[in-house]
Each structure stands twice: as C-alpha cells, then as structure tokens.
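Asks: Spelled out, the chains give:
Number of protein chains: 2
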Amino acid sequence: MVFRCELKKVVDDTYDIEIGHGLQEKLVADLKAGLTGRRRFAVITDSTVEGLYAKDIFEMIKAAGFGAEMFVIPAGEKSKSRQMKEFLEDSMLEKGFRRDCAVIAVGGGVVTDLAGFVAGTFGRGVPFVNYATTLLAAADASVGGKTAVDTPLATNLIGMFNQPEKVYLDIDTWKTLPEEQIASGLAETIKHGCLGDRELFEYLEENVEKIFAGDVAACEYIAEHNCAVKYKVVMQDERESGLREVLNLGHTVGRAIETVSDYRLLHGEAVAIGTVAQARLGEKYGFVTEEERARVEALLERAKLPVRIPDYIDKAALVKKLYTDKKVRDGKLRFVFEKGIGEVVQFGENCFAKEIAENEIAEIIAQM
Amino acid sequence: MVFRCELKKVVDDTYDIEIGHGLQEKLVADLKAGLTGRRRFAVITDSTVEGLYAKDIFEMIKAAGFGAEMFVIPAGEKSKSRQMKEFLEDSMLEKGFRRDCAVIAVGGGVVTDLAGFVAGTFGRGVPFVNYATTLLAAADASVGGKTAVDTPLATNLIGMFNQPEKVYLDIDTWKTLPEEQIASGLAETIKHGCLGDRELFEYLEENVEKIFAGDVAACEYIAEHNCAVKYKVVMQDERESGLREVLNLGHTVGRAIETVSDYRLLHGEAVAIGTVAQARLGEKYGFVTEEERARVEALLERAKLPVRIPDYIDKAALVKKLYTDKKVRDGKLRFVFEKGIGEVVQFGENCFAKEIAENEIAEIIAQM
Ligand SMILES: NC(=O)c1ccc[n+]([C@@H]2O[C@H](COP(=O)([O-])OP(=O)(O)OC[C@H]3O[C@@H](n4cnc5c(N)ncnc54)[C@H](O)[C@@H]3O)[C@@H](O)[C@H]2O)c1
Ligand SMILES: NC(=O)c1ccc[n+]([C@@H]2O[C@H](COP(=O)([O-])OP(=O)(O)OC[C@H]3O[C@@H](n4cnc5c(N)ncnc54)[C@H](O)[C@@H]3O)[C@@H](O)[C@H]2O)c1
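Residue numbers (UniProt numbering), protein chains in the order written: chain P, 1 to 368; chain H, 1 to 368.
It is worth saying that the hints were derived from the structure and are not from the lab. Computed from a predicted model, the values in this text were never measured in an experiment. One should not assume that every hint holds.
What the hints assert, rightly or not - The list that follows gives simulated cross-link-like pairs (lysine-lysine, DSS-like), each with its CA atoms no further than 27 Å apart: (1) H/LYS320 to P/LYS9; (2) P/LYS354 to P/LYS315; (3) H/LYS26 to P/LYS8; (4) H/LYS320 to P/LYS95; (5) P/LYS55 to P/LYS175.
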C-alpha cells in the first residue's frame with residue numbers, strides 16, 4: 001500500500017538588503033515594526049565586533065523593550081566550527097531561548113555564516129537578520145542565504161540554505177576594518193566584476209585606492225554593485241543547481257588553499273590566489289586573452305592581495321584538497337571560468353563549470 | 001538604498017510512503033529508477049539493525065552497481081547527539097562523499113531522525129530515504145520530515161524540517177523487535193487513535209494483543225491507520241505552525257520525563273505516561289469524561305506501557321524540565337488535549353494548545 005504525502009507549497013523567502021551608513025536605529029525600528037515576528041533576540045557576534053558595534057546594538061534592542069541576550073564567539077575563521085555552533089546552542093538553551101526567538105548576527109562572514117546556521121537548526125528553525133560589518137560580508141557572505149561551518153576535512157561543507165529576514169550593510173563600519181580585511185573584501189568584489197560586471201571591474205581599475213582611503217562615494221559604489229551582481233544570481237538559482245556556481249569563480253583553488261594554509265590566509269586572500277589560478281587556466285583554454293589575465297592580476301595586486309602561492313603551502317596537499325570542493329562530481333574536478341572580463345563561460349544548458357584533469361591544474365599550481 | 005531579493009518559489013516535497021513486507025528489493029528498484037537522482041549512497045544504521053537488515057540492503061545496493069558505504073552508530077537514544085552527527089559527517093567526508101550522494105537511513109526513529117538531519121546539512125543538503133524497521137518509526141518518526149538530535153538540555157530541539165524522497169515501512173522487520181519496542185510503538189499508535197482516529201482506538205481495544213503476536217492483518221491495519229492520521233496532519237501543516245501541534249498530544253510531559261529519566265524510559269513509554277498526565281488534566285477541564293480517561297489508561301496498560309511515574313524520577317526536576325518543551329511560548333507551558341476519543345480541542349483559529357499554569361500540571365504529576 002502506498003500513501004502519497006502531498007507537500008507542494010509556495011515559499012516566499014523574499015527579503016530586503018539595505019545599504020547605508022549607521023543602520024542601527026533602522027534595525028531597531030524594523031524589529032519594532034515586526035520584521036521577525038519575535039520579541040526575544042539572541043545577538044550573536046565575535047570578540048572584536050562586540051565592543052565596536054554589537055554591544056551598542058544589543059543595548060538599543062533592550063532599551064526598545066525587547067528581551068535580548070548577547071553571545072560572543074572568539075574572532076576568526078576558526079570559530080566557524082561545529083564546536084562553536086554547539087556552544088551557541090547550549091548558551092541559548094541555558095538562557096531559556098526556545099522556538100519563540102530570533103537571531104541577530106552582527107559581524108563579518110564568520111558571524112553571519114555561523115549564526116545563520118545556528119538559527120536554521122535551533123528549534124528546527126527560527127528567523128534571523130544579518131548586520132554585516134565587513135566589506136567581505138557586504139560583498140558576499142551576508143547575502144544569498146548560504147550558511148555553513150568548516151570541518152577539519154573541508155570548508156563550508158556542513159551547512160544549509162537559509163535566507164535571512166533582512167540584511168543590513170553598514171558602510172560606516174568599514175572605517176574600523178584593518179587594511180587586509182578591506183583587501184579581502186575587494187577580492188570578492190573583483191570576482192564579481194570578472195564574472196558579471198565589467199563596469200565594476202573598470203571602476204576598480206580607476207578607483208581601487210579610494211576604497212582604502214574610505215572614500216564615501218567609492219564605498220557606496222562597490223557596495224551597490226556587489227549586491228546587484230550577487231542577488232541577481234541568487235534570485236535565479238538560490239540552491240546552486242546551476243547558475244549560482246558562477247559565484248564560485250576562483251573558489252576551487254581558493255577554498256582549498258584557505259584550508260591547507262590552516263587559515264593563515266584570509267578568505268579573500270585565498271580567493272585572490274584562486275582567481276589567478278583560474279584566469280591562467282582560462283588563458284590556456286582561450287577563455288581570456290593574455291592581456292585580460294594580466295589585468296586581473298594587476299588589479300588584485302593593487303588591491304593589496306597575493307597573486308602567488310606562499311612558500312609554506314604544500315602544493316601536493318593543495319592539489320589533493322581540491323577534491324573536497326563541492327563542485328566535484330563523480331570524482332572529477334570542475335572549474336568556473338570568466339569569458340573575457342564581465343561574463344562567464346557557459347558549457348551547456350544550466351552548466352557553468354567545466355571538468356578539468358588534475359594534471360592541468362597541478363601544472364598551473366606548480367608555476368605559481 | 002534597498003535591494004529586494006525576490007525568492008518566491010514553488011517547492012514540491014511530495015513523497016510516497018510504502019507499506020509492505022520485505023521492501024528491500026523495491027528500494028533497490030526505486031534507486032535504479034532514479035528515486036534520489038544519485039548513484040552513491042551512504043547507508044546509515046545502528047549496531048543492532050546492521051546485522052538484521054542494513055547489511056543486506058547495503059550489499060544489494062552495491063550489487064546493483066551503485067557506490068555505497070555503510071556507517072554504523074551504536075544502538076540507542078544516546079546516539080541521537082551532535083557528536084554522532086559529527087562522527088557521521090567526518091566518516092562520510094573521509095570516504096570521499098560530497099554533494100553528489102544520497103543517504104539511506106535503515107533503522108528506527110533514532111536512525112531516521114539523525115540520518116535525516118545529517119542529510120539536511122551535508123553539503124547544504126543531499127536527498128535521503130527512510131527504511132523504517134520499528135513500529136515507532138513506522139507510526140511516527142520516519143514520516144513527516146522532522147529530524148533532530150538531542151542535547152543535554154533538551155530533546156529534539158536542534159534539528160530541521162527535511163522531507164525524505166520516500167519512506168518504506170517494512171512490517172516484516174517488526175518480527176525481530178523486542179516486546180518493549182512494540183509497546184513503545186503502540187504508545188504513538190494509541191496517541192493517534194486519541195487525537196484523530198476513534199476507529200483505530202476501538203480496533204486496538206479489540207485487538208491489541210494481536211500486535212504482540214505478530215498477526216499480519218492487525219499489523220497492517222495499524223501501519224495504515226497510523227500513517228493516515230499522521231500524513232494528513234503533516235500535509236496541512238508541515239512546519240508545525242498550528243495544526244501539527246496536535247501530534248504533540250502527551251508529549252509535553254512525555255519528552256520531559258524521557259530526558260529526566262536519562263533515557264531509561266523508552267520514547268513510547270515516556271509518551272504513555274505523558275498521555276495519562278494529559279488525559280487527567282483534560283478530565284479536570286471537562287475535555288474528556290472520567291470513563292474516557294479510564295479507557296485510555298486501560299488500553300495503555302494492555303499495551304504493556306507504564307501509566308505511573310517511576311519512583312526514581314525527581315518530580316521537581318520533571319516540572320522544571322517541562323519548560324524546555326518547544327510549545328512553550330513567552331515562558332508559559334502549553335498542552336494539547338483530546339476531546340473525547342478521536343478528536344482534539346481547538347482553542348482558537350489555528351490554535352490547538354492551551355496555556356497551563358505550572359501548579360495545575362504539578363498537582364497531576366504529584367498524584368501520579
Ligand atoms: N555565505 C556565503 O555566501 C559566503 C561568501 C563568502 C565568504 N563567506 C565566508 O565569510 C567568511 C569571511 O568573512 P569575513 O572576512 O567578514 O570574516 P570575519 O567575520 O572573520 O571578519 C574578519 C575579521 O574582521 C573583524 N571585524 C569584523 N567587522 C569589523 C569591523 N567593522 N571593524 C574591525 N574589525 C572587524 C572580525 O572580528 C574578524 O577578525 C569566511 O568564513 C567565508 O567562508 C561566506
Ligand atoms: N521525527 C519524528 O517525528 C519523531 C516522532 C516520534 C519519535 N521520534 C524519535 O524516534 C526515536 C525513537 O524511535 P525508536 O523507538 O524506533 O528508536 P530506535 O531507533 O532507538 O529503535 C529502538 C531499538 O530497537 C532496535 N531495532 C530497530 N529495529 C529493529 C528490529 N527490526 N528488530 C530488532 N531491533 C530493532 C534499535 O537498534 C534500538 O535499539 C526517538 O529518538 C524519538 O525522539 C521522532
């Protein structure tokens with residue numbers, strides 16, 4: 001006997017991404033207006049952002065008459081772990097949080113990735129909001145609903161798709177970012193230019209130094225263009241079943257090198273090296289010209305990003321680690337490629353990644 | 001500036017529940033026909049079910065030409081933990097599993113709850129299939145898409161809604177179940193009778209002994225009626241935003257006592273005690289008559305289930321633990337009640353749980 005359990009439904013995960021300067025009051029006003037439907041909040045942040053921004057937000061939320069607790073993880077990629085997820089869950093349970101709460105993530109990509117995952121499985125899912133305080137989170141991590149933790153064997157492989165109720169990109173918070181964190185965010189920005197926004201790429205060729213100087217107009221320009229590239233792709237393919245893989249440009253080698261460096265390289269630094277590897281491979285296939293490849297490398301360098309593999313990296317281990325990439329299919333490596341600058345190569349219907357033999361990429365890695 | 005990320009979509013999680021005898025070959029045939037869209041399988045089971053059924057299924061899957069590995073957790077509720085989830089993830093990663101795999105859960109509710117959760121977050125979600133080998137899993141756990149782990153502070157609070165591709169309820173596997181496991185499954189069956197199927201309840205009043213004797217017709221009858229009650233509720237309210245709470249009948253006290261007993265009580269045994277507590281509270285409110293309440297207790301006893309709180313339970317700790325229930329709202333306990341036998345009490349639009357003062361339930365617990 002067979003029963004059919006009919007579960008066809010319309011799901012609306014639509015949300016707003018607000019870009020601005022000092023959005024703390026806007027956040028509290030939105031919570032008052034019922035953004036999450038909850039009146040009790042777990043503010044999740046890291047040890048650096050706590051004193052800079054999160055404590056203020058936490059106090060403002062309490063002052064607005066809501067229940068709130070703040071939970072602080074140590075700053076750094078190593079906190080994006082299952083252990084830290086457990087710590088947050090246990091702390092929330094101890095403070096009496098149940099399904100009737102919402103999570104407010106205040107921080108960079110580590111905080112938004114982890115807090116979004118915590119929210120997704122706490123009480124089988126509570127709402128969450130991202131308040132992004134790094135350029136990298138604004139450019140990439142906080143938008144799109146991918147949440148995850150790292151494990152010793154692979155980055156970002158344990159996680160879920162979980163869309164926030166709203167994302168705040170507060171450009172003012174970039175002022176306190178160390179230079180290498182700005183650079184790290186620029187790596188994803190340059191990636192966005194390469195894969196989908198030639199104008200953004202050329203704007204950066206003109207103005208990249210202005211970002212480091214904190215120029216307001218330049219920061220707004222890249223915040224908006226980043227967002228536009230990313231959310232357009234996400235809207236078309238939320239679950240990464242095809243098109244969304246284009247956002248993975250540079251990430252096949254990037255993710256692997258990030259792990260093999262044991263996170264001595266920042267995410268964006270690793271992605272920069274991965275972008276160079278991918279452009280070189282693309283040049284071999286004729287997807288980009290030598291001149292275009294050189295422009296990509298030059299722009300990454302001006303953005304104070306590494307374009308060579310550091311000496312301490314074990315290249316054999318790096319090649320092996322490539323196989324932990326989530327694009328791997330039937331044991332084969334797959335890469336995304338830019339076509340010139342501002343577009344990607346399409347390899348078939350809904351297919352944007354190409355199978356690559358190990359020796360082809362190993363050769364490029366050896367030369368870098 | 002505000003971008004709106006439009007993510008409205010139609011999701012179809014419809015799946016079949018197949019009830020029968022010896023469905024191993026059907027499973028393999030379905031996998032061949034592309035049920036999961038994958039060709040590599042992680043068979044997850046426990047140390048008891050491994051030798052009884054899972055190893056055979058695993059061998060059949062390999063013999064059909066698929067890639068497969070088997071992962072075995074120790075039998076028992078204590079395995080439904082975050083640590084065991086980690087162990088499975090790491091083992092799967094070590095064996096080279098990535099997003100291009102599917103999970104086959106073979107076992108009782110512990111295995112299906114845990115494996116469904118592992119599948120939901122592995123590579124941000126891979127498909128899974130449940131092959132249920134206990135009456136309790138057939139009656140309840142394997143159907144409906146709730147997956148979870150326990151934590152020291154609460155049962156089932158960390159997890160997600162994740163629908164399988166298909167569920168197999170193999171009645172033949174009940175033959176090897178110890179008597180107390182049959183009883184445990186009957187607790188959920190009686191619960192289903194109480195909340196939504198008077199005919200099922202009365203059938204059990206006539207025939208409950210036949211289930212222990214392995215009578216084929218009686219086992220089929222309850223498998224089908226259980227399934228009908230549960231999937232109808234789930235279809236109307238997958239996410240437990242209202243109606244689905246009715247399935248929580250008896251679980252407020254049940255879950256709490258299960259934790260406080262440190263899992264010395266089986267899930268169904270704990271639910272049986274919880275069902276009595278709820279019926280007694282319901283009698284006080286006039287939702288059931290004294291006679292109906294007595295019929296519920298008598299049927300539970302004939303199903304070899306406990307109807308009193310064991311002496312070793314600390315009743316103060318039990319009352320405190322009630323507050324970890326997921327129905328708690330704004331710090332208030334909430335209970336579901338049956339109305340007579342075969343229906344539930346509705347307390348408002350889409351509201352099936354009633355706020356209860358702590359002393360009311362504490363009094364009942366004291367008397368039990
Ligand atoms: N979910 C996605 O789609 C996605 C996309 C890209 C990257 N990521 C993830 O994002 C993470 C990297 O993001 P990140 O670079 O923001 O990491 P991060 O959160 O670790 O932030 C970087 C550092 O800057 C500090 N910091 C944060 N805001 C600050 C501020 N305003 N002023 C001063 N210091 C501040 C942090 O404490 C941290 O030490 C990685 O884990 C990566 O995997 C996710
Ligand atoms: N997801 C849901 O909606 C839902 C609903 C109800 C219960 N549950 C969960 O289900 C769990 C209880 O389910 P369960 O009772 O099946 O637990 P279980 O999986 O632990 O199985 C009970 C015992 O029987 C053994 N066993 C399994 N199949 C057997 C067979 N055919 N022959 C002999 N022995 C066999 C197991 O090894 C185990 O020792 C709890 O964790 C509970 O929270 C979940």
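Asks: Could you tell me which of the hints above the structure violates, numbers in ascending order?
Replies: Going through the list in order, the structure violates hint 1 alone and respects the others.
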